[in-house]
Amino acid sequence: MKQSKIIIFVFAAVMSAVLFNSCYVSKSIADKSGAQLWAEHCNRCHNAPGPGEFSNTNWDIVAMHMQVRANIGTDEINKIVDFLKAANN
Amino acid sequence: MAQKKAPWTAPPDAAAKKNPLAGNATVMPEAKKLYETNCSPCHGMKGKGDGAAAAGLTTKPADHSSAAIQSQTDGTLFWMITEGRNPMPTYKTVFTEKQRWELVNYIRTLAAAPKTKK
Amino acid sequence: MKKIITLVIACMLYSAFAMAQTTDHFGLNNVAVFGDAEFTWAHNKTTDQFGDVNFKPIFLWKLSDKLFIESEVEIETGSGSVDIGLEYANMCYIVNPYLTLHAGRFLPKFGAYRGRLAEGFLNRFANDPVGFGDGGIGASVETGVGAMGCLPFGTVKFLYDVYVVNGPQIVPDSANGNVVGQFDYEAYTANNNNKAIGGRLAILPFSSNNLEIGYSMQTKSKTGDIGTPYENASLLMQAIDLNYYKTISPLKSTLRLTGEYRAQKVGSNTVYYGDAFHSDSMSFKFNNSPSALYVSASIRPTMSDNKFLHNLEIAYRYSSFMQPAAWGATSITCNEVALDYWLKWNCVMKLGYQKRSDMIQNFYAQFVYGF
Chain A
0 MKQSKIIIFV FAAVMSAVLF NSCYVSKSIA DKSGAQLWAE HCNRCHNAPG PGEFSNTNWD
60 IVAMHMQVRA NIGTDEINKI VDFLKAANN
Chain C
0 MAQKKAPWTA PPDAAAKKNP LAGNATVMPE AKKLYETNCS PCHGMKGKGD GAAAAGLTTK
60 PADHSSAAIQ SQTDGTLFWM ITEGRNPMPT YKTVFTEKQR WELVNYIRTL AAAPKTKK
Chain V
0 MKKIITLVIA CMLYSAFAMA QTTDHFGLNN VAVFGDAEFT WAHNKTTDQF GDVNFKPIFL
60 WKLSDKLFIE SEVEIETGSG SVDIGLEYAN MCYIVNPYLT LHAGRFLPKF GAYRGRLAEG
120 FLNRFANDPV GFGDGGIGAS VETGVGAMGC LPFGTVKFLY DVYVVNGPQI VPDSANGNVV
180 GQFDYEAYTA NNNNKAIGGR LAILPFSSNN LEIGYSMQTK SKTGDIGTPY ENASLLMQAI
240 DLNYYKTISP LKSTLRLTGE YRAQKVGSNT VYYGDAFHSD SMSFKFNNSP SALYVSASIR
300 PTMSDNKFLH NLEIAYRYSS FMQPAAWGAT SITCNEVALD YWLKWNCVMK LGYQKRSDMI
360 QNFYAQFVYG F
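Chains as they are written, first to last, in numbering that gives the first Met the number 0: chain A, 0 to 88; chain C, 0 to 117; chain V, 0 to 370.
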């Protein structure tokens, strides 16, 4: 039962962090391009699929799937998707 | 297995477009940053088409140091960056015109030295 | 019954494909089908077989910018007949950039191998490390609710997952060839009034996002069937995982390192009073503290100009599964090498050689086509 208390505490801590919105990113991270984030995040687990691999609609769907599977932040996944869609012109 | 694509040729008027920043070296620091942020994931830091993320692409990214690219006009390079061709994204809206010309200037600095260096 | 299920799945597949093919339509509710197909050839001194033909479609629905459903149906043939399973059906609600809530049957973040790196086109080998597959430690899927997200701080990111699930259920007897003291991790329904709580906290310490280190734990205070003497058998599972990749310019290659250690422990409160299975003892303790470890390294000349070399990858993996003596099984170690050829970012041909301490040596080949 001690463990569950620890987990509840960690959860509460995380939640309060979220509530107080204390998350921030340094400028070098915020300045990253979609191309960089695509290369870094996708390649961490698998070969990064090329821009143009999927339709724009499918990229939106894949993005949500990967956001959940790999805990990718919304800001970064949006940049990645914009980059990937830019080849479907 | 990448199948052979049709050659990528700019329309004559685009190819003939004058580079307003021709010979302007002052833009180089910004151009370098733009290139490393947006182009190098696929084209590599030295433009050799060997970027880290290129492994999964069906089309090999262009080697910017090669004669094939360096022999193109500034206008053609500008047009290619602007329009893109799958899987190369379009940068019409992402970059301003000035930024795209800066990138053309930067690509010129990546030309392979005539001999020695590989 | 099976025919009906097959028919229903066929209809689902058809409608999903039909919808997925109408790309770039307008509207909020968008569906797509991805997944993979697998086929394996295995050869050793005594057998030679084509088998393990699997088809695993993943259905993804984006209902709005905040609502999302993902579901995987697994059609597998490894057991000698067609097994159809609901791998997951997970409903997600993206609350804000830092928090996503989800409910259903989902891939829990317990370690990084199962549910993530085990995927056919991520795994460089045709099988799982010992102790990390079915019969090993921990669940691949869980039924319950959870919260997850990414919290950036400066150049560092923290990834968190917490969940409440039905959790593991202790196997008290050796009926059906079960191992006494092992757990059934993936039950669809609960066996008592207790829940398992678990989570994973991972850090991406480098701004280049190429290293992820995670710590996971899951605990349940009662794992036995309600009203039985072993109801109060508690369980604690922990895991540490690592995932790193780096492009090495002088070698014109990308190096990948992954590894994970997981261990489980049954609480010392697990006194069991003898029955038909343990007639010799009035007080019996589940002795169930196995651990498993794997480390894997692979290298691929991703920067090579040679098309053939560029698509080639060499991988090595060591794994070990320390099993309790009470299980009547010895500990297993396994060394594997694989030569992989990438046809596409998610399509791969694997050729492997495996030397396991409890088996004769095996050769295998596997095709995985992701789509």
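Among the hints, erroneous ones may be present.
Unchecked claim - Using 20 Å as the maximum straight-line C-alpha spacing, the simulated SDA-like pairs for lysine to any residue come out as follows: (1) K45(C) / K354(V); (2) K4(C) / K78(A); (3) K26(A) / K306(V); (4) K97(C) / K4(C); (5) K26(A) / K4(C); (6) K354(V) / A296(V); (7) K45(C) / K343(V); (8) K4(C) / K45(C); (9) K4(C) / Q71(C); (10) K78(A) / K91(C); (11) K31(A) / N310(V); (12) K343(V) / P204(V); (13) K306(V) / S65(C); (14) K78(A) / N85(C); (15) K59(C) / P204(V); (16) K26(A) / A296(V).
FYI, nobody ran anything at the bench for these hints, they're computed from the structure.
No experiment lies behind these values; they were computed from the predicted model shown.
Hints versus structure:
Between the alpha carbons of K45(C) and K354(V) the distance comes to roughly 43 Å, so the proposed pair goes past 20 Å and is violated. A hinted pair counts as satisfied when its Cα atoms are at most 20 Å apart, and K4(C) with K78(A) does not qualify at roughly 28 Å. Between K26(A) and K306(V) the CA atoms are separated by roughly 38 Å; this puts the pair beyond 20 Å, and the hint is violated. Annotation: proposed proximity of K97(C) to K4(C) is violated, straight-line Cα distance about 30 Å (limit 20 Å).
Note on K26(A) and K4(C): the hinted pairing is violated, with a Cα-Cα distance of about 40 Å set against a maximum of 20 Å. Of the pairs offered as hints, the one joining K354(V) and A296(V) holds, with about 17 Å between alpha carbons and a cut-off of 20 Å not exceeded. For the hint pairing K45(C) with K343(V), the CA-to-CA distance comes to about 25 Å; that exceeds 20 Å, so the pair is violated. Distance restraint check for K4(C) and K45(C): the Cα-Cα separation of roughly 24 Å exceeds the 20 Å cut-off, and the hinted pair is therefore not satisfied.
In summary, the hint linking K4(C) to Q71(C) is supported, as the alpha carbons are separated by about 18 Å, within the 20 Å threshold. Among the hinted pairs, K78(A) with K91(C) is consistent with the structure: their alpha-carbon atoms are about 16 Å apart, no more than 20 Å. The suggested pairing of K31(A) with N310(V) is violated, with an alpha-carbon distance near 28 Å, which exceeds 20 Å. Pair hint K343(V) plus P204(V) does not hold up; C-alpha atoms about 30 Å apart against a cutoff of 20 Å.
For the hint pairing K306(V) with S65(C), the CA-to-CA distance comes to about 18 Å; that is within 20 Å, so the pair holds. For the suggested pair K78(A) and N85(C), the alpha carbons sit about 18 Å apart, so the restraint of at most 20 Å is met. Annotation: proposed proximity of K59(C) to P204(V) is violated, straight-line Cα distance about 31 Å (limit 20 Å). Among the hinted pairs, K26(A) with A296(V) is inconsistent with the structure: their alpha-carbon atoms are about 33 Å apart, more than 20 Å.
Hint violations for this structure: numbers 1, 2, 3, 4, 5, 7, 8, 11, 12, 15 and 16, all remaining hints satisfied.
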